[in-house]
Amino acid sequence: MIDLFRLTSFRIIFIYIILLALSIGLVAFYLYWSTSRDFQMKVDNEIIQESTRLSQVYKRYKEVGLIREIQYLSKTPNPNLYILRDSNNKFIAGNFSDTDSLWNLKRLDKGGVLFSFEKKNNNGEIIRKYYFRGKEFIVRNKYNLIVARDVSYENYLKDRFFNTILSTSLLIIFLGLLGGYVLSRNFLNRISAINKTSLEIMDGDLSMRLPTSSNNDELNQLSLNLNNMLDRLNKLMIGMKDVSDNIAHDLRTPLNKIRTNLEVTLMSNPDSESYRETIKEVIEDVDGVINTFNSLLAISRVDSGSVSLKKEKINIKDLIEDIIDLWEPLAEEKGVVLNNECENDIFFDGNKNLISQAISNLIDNSIKYGKEENTVNLGSNLNKENITIWVSDTGPGIRNEDKEKVLDRFTRLDTSRNTSGTGLGLSLVNSMIKFHKGKIELLDAKPRGLIVKLQIPKN
Amino acid sequence: MHILLIEDDINAASYVTKGLKESGHVVDHASDGEEGEQLALTLKFDVIVVDRMLPKLDGLSLINKIRKEDNDTPILILSALGDVDEKVLGLKAGADDYLAKPFSFSELLARIEVLHRRTNPEVKETSIKVGSLSMNLLTRQVFRQGVEIDLQPREFRLLEFLMKRSNQVVTRTMLLEGVWEYHFDPQTNVIDVHISRLRSKIDKPFNGKEMLFTERGAGYALRSDD
Chain A
1 MIDLFRLTSF
11 RIIFIYIILL
21 ALSIGLVAFY
31 LYWSTSRDFQ
41 MKVDNEIIQE
51 STRLSQVYKR
61 YKEVGLIREI
71 QYLSKTPNPN
81 LYILRDSNNK
91 FIAGNFSDTD
101 SLWNLKRLDK
111 GGVLFSFEKK
121 NNNGEIIRKY
131 YFRGKEFIVR
141 NKYNLIVARD
151 VSYENYLKDR
161 FFNTILSTSL
171 LIIFLGLLGG
181 YVLSRNFLNR
191 ISAINKTSLE
201 IMDGDLSMRL
211 PTSSNNDELN
221 QLSLNLNNML
231 DRLNKLMIGM
241 KDVSDNIAHD
251 LRTPLNKIRT
261 NLEVTLMSNP
271 DSESYRETIK
281 EVIEDVDGVI
291 NTFNSLLAIS
301 RVDSGSVSLK
311 KEKINIKDLI
321 EDIIDLWEPL
331 AEEKGVVLNN
341 ECENDIFFDG
351 NKNLISQAIS
361 NLIDNSIKYG
371 KEENTVNLGS
381 NLNKENITIW
391 VSDTGPGIRN
401 EDKEKVLDRF
411 TRLDTSRNTS
421 GTGLGLSLVN
431 SMIKFHKGKI
441 ELLDAKPRGL
451 IVKLQIPKN
Chain B
1 MHILLIEDDI
11 NAASYVTKGL
21 KESGHVVDHA
31 SDGEEGEQLA
41 LTLKFDVIVV
51 DRMLPKLDGL
61 SLINKIRKED
71 NDTPILILSA
81 LGDVDEKVLG
91 LKAGADDYLA
101 KPFSFSELLA
111 RIEVLHRRTN
121 PEVKETSIKV
131 GSLSMNLLTR
141 QVFRQGVEID
151 LQPREFRLLE
161 FLMKRSNQVV
171 TRTMLLEGVW
181 EYHFDPQTNV
191 IDVHISRLRS
201 KIDKPFNGKE
211 MLFTERGAGY
221 ALRSDD
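Chains A and B, in that order, give the protein sequences.
If you read the first sequence in this note's numbering, its first letter stands for residue 1, the second for the next number, and so on.
If you read the second sequence in this note's numbering, its first letter stands for residue 1, the second for the next number, and so on.
The hints are simulated quantities; they were obtained by calculation from the structure and are not laboratory data.
Not one of these hints is a red herring.
With a straight-line cut-off of 25 Å between C-alpha atoms, the simulated SDA-like cross-links for lysine to any residue are: (1) Lys368/A to Leu176/B; (2) Lys368/A to Arg216/B; (3) Lys368/A to Thr214/B; (4) Lys21/B to Val282/A; (5) Lys434/A to Lys87/B; (6) Lys334/A to Val179/B; (7) Lys21/B to Glu273/A; (8) Lys18/B to Arg276/A; (9) Lys280/A to Ser23/B; (10) Lys110/A to Asn45/A; (11) Lys352/A to Asp192/B.
Label pairs and their computed distance ranges (CB to CB): (12) Gly19/B to Lys311/A: 37 to 43 Å; (13) Leu255/A to Val147/B: 47 to 53 Å; (14) Arg216/B to Lys403/A: 37 to 43 Å; (15) Glu284/A to Ser134/B: 33 to 39 Å; (16) Lys310/A to Gly217/B: 29 to 35 Å; (17) Glu332/A to Gly146/B: 25 to 31 Å.
None of the values given here were measured: they were computed from a predicted structure.
In this text, a Cβ means the ideal position worked out from N, Cα and C, and glycines have one as well.
Construct the entire structure; sequences and hints are all you get.
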């Protein structure tokens with residue numbers, strides 16, 4: 001059984017329903033009160049008018065005139081009821097002679113009277129009950145005159161009105177609570193589902209996702225956001241796992257090579273010259289391992305922002321010129337042409353060392369993976385928001401499905417398995433550009449080749 | 001050369017000491033900042049090698065204290081903090097060179113030897129001469145055996161750097177920092193090609209002895225052909 005009052009939603013609905021019923025009741029009772037008051041006043045006014053007329057008749061024609069007038073009124077169709085009695089309550093004139101019925105006469109202030117009358121059939125059963133409202137006048141201490149009007153229908157309406165208000169209010173409360181219960185149960189079911197899934201996720205099943213529905217309410221939004229968060233976490237976890245797997249793999253290979261090299265040298269009883277040769281080879285291999293570590297460290301330092309990297313004013317044109325100067329001899333040896341397409345000086349604030357290293361890595365890739373007669377164009381331009389630096393080549397390019405992957409650490413495409421490299425070059429570029437809050441784009445060059453575009457916000 | 005090594009890591013200290021002794025140097029070792037300060041201020045050393053992070057007295061404060069005593073012994077800092085900005089901080093404190101860990105021993109040795117040389121009163125030279133090679137820093141001309149060699153500006157700077165450190169091993173990183181002012185290591189050895197280009201200009205046309213050598217696993221050296 002659900003503890004309804006534990007639920008925020010039910011509590012809110014409950015309070016809301018009570019308030020709604022109260023306010024509807026208040027409005028309705030005001031209407032009830034004011035209409036019945038208006039009606040009473042109308043009746044009272046008419047009766048006062050009638051009695052004023054009768055008192056004038058009495059003033060002019062005395063008792064005889066009044067009695068004759070009442071007798072006359074009693075014979076004609078008239079909405080009013082007249083009862084004229086003497087001081088002994090003996091009926092004198094009027095259109096209601098059943099003075100015994102006046103036993104339940106109720107006197108109000110200012111001469112107002114209320115009384116009822118039960119109409120019975122021959123068997124003495126009550127067929128209908130009439131209600132009258134009127135005024136009582138004492139004429140010269142001798143006569144008692146009651147002028148009244150039948151208010152049965154109005155009383156009936158008032159009762160109906162009251163009952164309707166009461167039953168409607170009760171119905172609203174009942175339906176509201178029922179609706180609240182249903183809605184809350186629905187809400188609670190969804191919360192329980194989320195709780196259940198969360199527990200399973202906490203137990204280690206990161207592939208679980210919170211249930212979502214088609215209606216886009218806050219709860220669904222919350223679930224969707226949490227699911228997105230889980231997706232990212234999962235991706236990060238997989239990324240971390242991949243990175244450590246790759247580290248293990250990329251380090252085991254050179255370490256195995258070193259071990260085998262040392263083992264073979266030890267077995268083969270060599271002279272000191274071959275020892276020296278082996279040691280030199282081992283040093284080179286170990287340097288490779290250290291390089292991998294240094295690159296990894298550089299990436300994570302830049303990524304985590306733990307480095308206090310200073311920014312300075314850089315002229316991209318000069319910076320590219322300097323890097324080309326560094327790479328040009330090697331490029332020429334490999335038959336690669338390096339072009340600086342920068343026409344104007346472009347200044348922006350950045351970390352010179354990181355930008356240089358990023359561009360240097362891109363040139364390195366273009367030379368390494370491009371075939372003979374490759375042309376590498378470097379350039380930069382400026383628009384309102386961004387500095388764009390591009391490095392394009394006429395090499396084999398990168399297939400669309402690999403473009404995302406190559407920015408990950410240790411990604412080495414199958415086509416490049418046999419080339420040297422740590423597989424960290426592009427991810428280092430990616431980190432460096434991210435450090436500058438920029439982004440990296442890999443595009444296809446026409447007719448073939450790769451364009452790497454680095455976009456860095458100016459400020 | 002008499003070298004003071006201030007390093008708290010016993011393993012690192014022992015192999016650096018061993019290496020330096022093998023290379024014919026005399027080494028004193030201090031394992032914390034205070035001991036290092038005492039040694040540095042009482043004995044005369046040719047070069048001091050200081051670890052950045054030391055117990056009792058950290059590397060930068062130690063260097064400050066040494067410099068305050070008007071002691072201008074060349075100092076090289078070793079540090080696991082390898083960023084450019086960290087290097088600048090070390091150099092500002094009064095050190096002469098900065099080497100990030102992990103380093104190769106040959107890199108350390110090359111830098112120590114260069115530092116030792118640099119302390120020789122540096123007159124404003126207008127020309128440098130190494131064997132049959134001479135360089136005029138004013139006219140920016142280079143001659144070998146009296147024949148002028150045509151060099152690109154960058155080749156000139158590279159040769160100048162090597163000539164000023166002639167007969168010593170100069171590492172790739174030293175060249176990248178000193179000639180190109182880059183504080184990163186391109187994954188591919190781009191310097192090799194620069195050196196072989198330079199070699200084709202200063203060695204090849206002269207059928208005599210070679211001057212520009214590649215030291216495998218260490219770096220390059222310009223040696224006199226006398």
